[in-house]
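**Student:** Quick mapping for you: the protein sequence lines, in order, are chains D and V.
Positions 1 to 237 (the numbering used here) are the ones given, in order, by the first sequence.
Positions 238 to 474 (the numbering used here) are the ones given, in order, by the second sequence.
Rather than coming from a laboratory, the hints here were simulated on the basis of the structure.
Hints may contain errors.
Listed next, the in silico DSS-like pairs over lysine-lysine satisfying Cα-Cα at most 25 Å (straight line) [what the hints assert, rightly or not]:
| hint | chain 1 | residue 1 | chain 2 | residue 2 |
| --- | --- | --- | --- | --- |
| 1 | D | K197 | V | K378 |
| 2 | D | K174 | V | K411 |
| 3 | V | K378 | V | K434 |
Protein chains: 2
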Amino acid sequence: MGDKHLSSQFDLELSGISTRVLEMGGLVESQVELAVSALTSFDGDIASRVLVAEERVNQMEVEIDHDLSAIIALRQPTARDLRLLIAISKTIGNLERVGDEAARIARTVHRLINSGVFSRLRLPVSDISFEAELATASLRKALDAFARLDTVQALEVIKQDNQIDQEFDGLMRKLITYMMEDPRTISASIDLVFVAKAIERVGDHAKNLAEQIIYIVKGTDIRHNPMDTVESVALKD
Amino acid sequence: MGDKHLSSQFDLELSGISTRVLEMGGLVESQVELAVSALTSFDGDIASRVLVAEERVNQMEVEIDHDLSAIIALRQPTARDLRLLIAISKTIGNLERVGDEAARIARTVHRLINSGVFSRLRLPVSDISFEAELATASLRKALDAFARLDTVQALEVIKQDNQIDQEFDGLMRKLITYMMEDPRTISASIDLVFVAKAIERVGDHAKNLAEQIIYIVKGTDIRHNPMDTVESVALKD
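Build out the structure end to end from the sequences listed, making use of the hints.
**Tutor:** As structure tokens, then:
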């Protein structure tokens, strides 16, 4: 503060961190897409690529967190900057959990392939694709809102989460019907239940990301608030 | 630093925060226990109490996070203290997620009661009790380790997570058998699948808490590391 040199150094470090957060975000987004395509194409090699990427994501979380702590300790940031740094720390925690969900899906694909179930049954995997498209679109939008600190777009992400939840509920009903019609499919269907749940959680993480963006920009913690409060905070000047 | 007055004021604030984190931890622990007892005793009133407590937990998360940011901005803490404050922020995020899992279980109990399924079927709810005992014991131990900054105990929590995962896998096998024997139980059993999953996640959150404790005390981020590395960090002088 007052020291131009220190201040611009801080801005430089911050923009470096933001770039890496977006890189990490792009990586987990493609992990989810790959994991779902591994499922719909019964492709174990693609699933393996997701699991390799998980290690890179975990490593990025630890590295960015370490750099955040170093910046806070070194630069004694203002209250506003501090809010940003802590929110970024929570954001990368969220992104790491998205990577976890993708890895869960990939491990399920391996298990389904190993059990030979894909050759015996016609699993309703295409329905899961649609839920996954909604969730990855939300995630992409949240990352885009983070890049531009855009609270209007963040608000859209929060509102869309409901749609993903409804898609998940519909999938549950379908899977239950499927199991009841042919109880031999129960074991494999339970795996799909968890895949659908993992994708629903990706939507939750995108929503959490959006809440952090509103906190960064507006300084108000809107988690656990009713939608009209969230809306008025996100849209206020 | 150097300033006795400021420093002891900081210690006072820090100990106040720690007390509230433990209070929040006690609350979510009892939420999980209540939610499971609502399930095993088919008691909708108990489930409702869990949902009331969830609002209090959410509120505590927001309040403690707010105070943490204020302390960091005001006290310009040393690197070590900063590590502690950021780790506490992650810890309460973890505890809030435990509260979420308890609320998920409570909502499932309501749904099962409303569907009248408890009077039609003998659901295998007692098996879930045992998994829940393991998970709440881990959570309690993690909170105790937090209170005493005890890395040996934190290490035990991390090691025990495996046992909860195995219990969960066993439960899945039982539930699948149960559904295959009587396909009319599928819908209710899927609810129990999610309850078992929620409890398994409580174990994961206890493990995350334990990892934060090791980070606070030893300054090494051991997330995503193999067990022998975790062990040597937790036990080093």
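**Student:** Would the hint linking K378/V and K434/V be met if the CA-CA limit is 25 Å?
**Tutor:** Status holds; Cα separation ~20 Å.
**Student:** Straight-line Cα separation of K197/D and K378/V no greater than 25 Å?
**Tutor:** Violated - the C-alpha atoms of K378/V and K197/D are around 29 Å apart, more than 25 Å.
**Student:** Does the alpha-carbon distance linking K174/D and K411/V stay inside the 25 Å limit?
**Tutor:** holds, 22 Å
The structure does not agree with numbered hint 1 stated previously, though it agrees with all others.
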